[in-house]
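Chains as they are written, first to last, in numbering that gives the first Met the number 0: chain A, 0 to 171; chain B, 0 to 445.
Please note: incorrect hints may appear among the correct ones.
To be verified - Calculated pairs, BS3-like style, for lysine-lysine (alpha carbon to alpha carbon, straight line, at most 30 angstroms):
#: 1; chain 1: B; residue 1: Lys3; chain 2: A; residue 2: Lys154
#: 2; chain 1: B; residue 1: Lys332; chain 2: B; residue 2: Lys272
#: 3; chain 1: B; residue 1: Lys104; chain 2: B; residue 2: Lys70
#: 4; chain 1: A; residue 1: Lys90; chain 2: B; residue 2: Lys70
#: 5; chain 1: B; residue 1: Lys153; chain 2: B; residue 2: Lys3
#: 6; chain 1: A; residue 1: Lys108; chain 2: A; residue 2: Lys90
#: 7; chain 1: B; residue 1: Lys104; chain 2: B; residue 2: Lys132
#: 8; chain 1: A; residue 1: Lys139; chain 2: B; residue 2: Lys153
#: 9; chain 1: B; residue 1: Lys104; chain 2: A; residue 2: Lys154
#: 10; chain 1: B; residue 1: Lys153; chain 2: B; residue 2: Lys383
#: 11; chain 1: B; residue 1: Lys149; chain 2: B; residue 2: Lys95
#: 12; chain 1: A; residue 1: Lys108; chain 2: A; residue 2: Lys25
#: 13; chain 1: A; residue 1: Lys12; chain 2: A; residue 2: Lys65
#: 14; chain 1: A; residue 1: Lys90; chain 2: B; residue 2: Lys383
#: 15; chain 1: A; residue 1: Lys139; chain 2: A; residue 2: Lys90
To be verified - Stretch by stretch, here's where chain A covers chain B in the computed footprint (C-beta under 8 angstroms, at least three residues):
#: 16; segment: 74–80
#: 17; segment: 342–350
No lab work stands behind these hints: they were computed from the structure.
Quick caveat, the model's predicted, so the values are computed rather than measured.
Backbone N, C-alpha and C define an ideal beta-carbon position, used for all residues, glycine too.
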Amino acid sequence: MLSCGQFDRTFLKMVAQAAEAEYRYKVITEECHLNLNPFYNPARRQYDGNRLLSQIPLCTISEHTKLIGLFRVDLYIPILTYIFGQAILGKNVAIASVFRLRNELYGLKQDEELLLSRTVKEVIHELGHTFGLIHCHHLKCVMHSSTYAEEIDLKGASLCTECRSMLEEAER
Amino acid sequence: MSDKISILIVDDEDSVRDSLLNWFIEDGYDVEAAENAKNALQLLEVRDFNIILADIKMPGMDGLELHRRIKGLNRESIVIIMTAFASVETAVQALKDGAYDYVTKPFDPDDLSHLIRNAAAQIALRNENEALKKRVTNLEEVDDLIGQSKAIRKVLEQIESVAQSNSSVIITGESGTGKELVARAIHANSSRRYFPLISVHCGALTESLLESELFGHERGAFTGATFNRKGRFEMADGGTIFLDEIATISPKMQIELLRVLETKSFVRVGGNKEITSDFRVICATNRDLGSMVRNGAFREDLYYRLNVVNITIPPLRERVDDIPLLVSHFIRKYCTSMSRDLITVEPAALKQLGRFEFPGNVRELENMIERAIVIGNGREIRLKDLPIGREAADNSVESLDELEKRHIEQILAKYNWNVSRSARALNVDRVTLYNKIRKFDLKQKE
């Protein structure tokens, strides 16, 4: 997991532990000092998620099965006003951002615990796509699609049995 | 098309196509992309898509023209027009042309998700509607109108030609010839088939009851009218009303009926609000309405209003060629409903059925076959299983012993082989009955 921005170490550790527990892979966290300026779109005042997705594999030389970049900036793709994260189905790279997971953005009281919970779910969700999992219709499954922050709170942080068996099938 | 919703993205911008493609793939949709309208139309020649998301501005053919071409192909795809520059004119034009929605790029993820979910729900509803219509059509299919004879073929041709019109129909024929079946066939083949077919047996109701039945009534209109009730004309709105035994209605009802047929509006009994209803009238009678008009028993104006098309169903004795077909149809019908294996008919029984007059027509034949299946041996219908078989047998010489045996057999069957009750009915003691059972080697059927 590449931390692209300033994150609290404990926060990163807890996210990594949750992903490790869910997928049973060792999660290594690395700092990434990528200059984000070239990815900034002044017209939208956001960062291009598609280009970041292609860039982050070049930011590490460590051996990895899957790679996820965790950002603090507001991400977009051309067709959507914003994204929480992005992955290409079945490929090994994903990105996620905490920007729109913060309560403060919506005029609510800061809640670090909630931010951690949302980030964990988002990271596990995007990694799920890299394992070939599509959106799940089970409301509690972490692979259930969420298009706004409160929707993330409704689902759990784990894969449902259906997604779990699809994951095991894909790994075989 | 599989159950999975299929989406086609048509946009000249790579980044838009790729982003949407990736988004929809993650959502589990069956998705393809085309970079222009021409490629999209080529793809549509090969396969169908449930939803097409088309950009309005593309080099060559634009999204609105593509939408018109898709409509021209008679495809049922839902078309959503996308644009980077929203203008009221193009939005209005797109929606006027029948586009499902018009969205401005970039989309809010939540809006896109809702848009596709709603479109998918509409597709599911449409599919469900189609499936239900198909089921209704199957249910309404009138497969009891069986026959190859010239006479019944003429009736079937008349049904086909009259079904699509809105004309009133009078069906005449003897009792049991299947007048209601013909009415159902006309309704089932008409454009009104998804609306109700309401049947009223005019002969079974008194004048006041018929009035309330046809026009409905308001609460308190008469003693016992404790709530408002819709009449049959109101219930038949959009569909067909079938008035059986029309010749039996009173002169007062004839006037009322004529007025309703002319205005398609009426007032409920005890009410004052005029109600309109769009229905088609089919009547049936086993009487000669023409001679009733001549005798003054039926209003001439009503007769001409009803008698736009006349279908006369021949009695069964005039289409004996259809008897074997009808017999096998009824065997299939009743064996299936009784969960039994299909049985055959003894040639002698079939021959005898062909000779019989059938005063009760097809209904009588149907009842005969049903009864024979119930009481028969489960393998074939024998002459003796038919009431006409016994009549035929009555003409042969039967010994006293045979007569006694058959009578005891019938009584035992009637009392479910309860020997005490059978003996009482035969007015003999139980020992005598046991002796007779032994003598005639009678055995209870399985």
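query = For this structure, which hints from the list above don't hold up?
reply = Numbers 2, 4, 5, 6, 7, 8, 10, 11, 12, 14, 16 and 17, in rising order.
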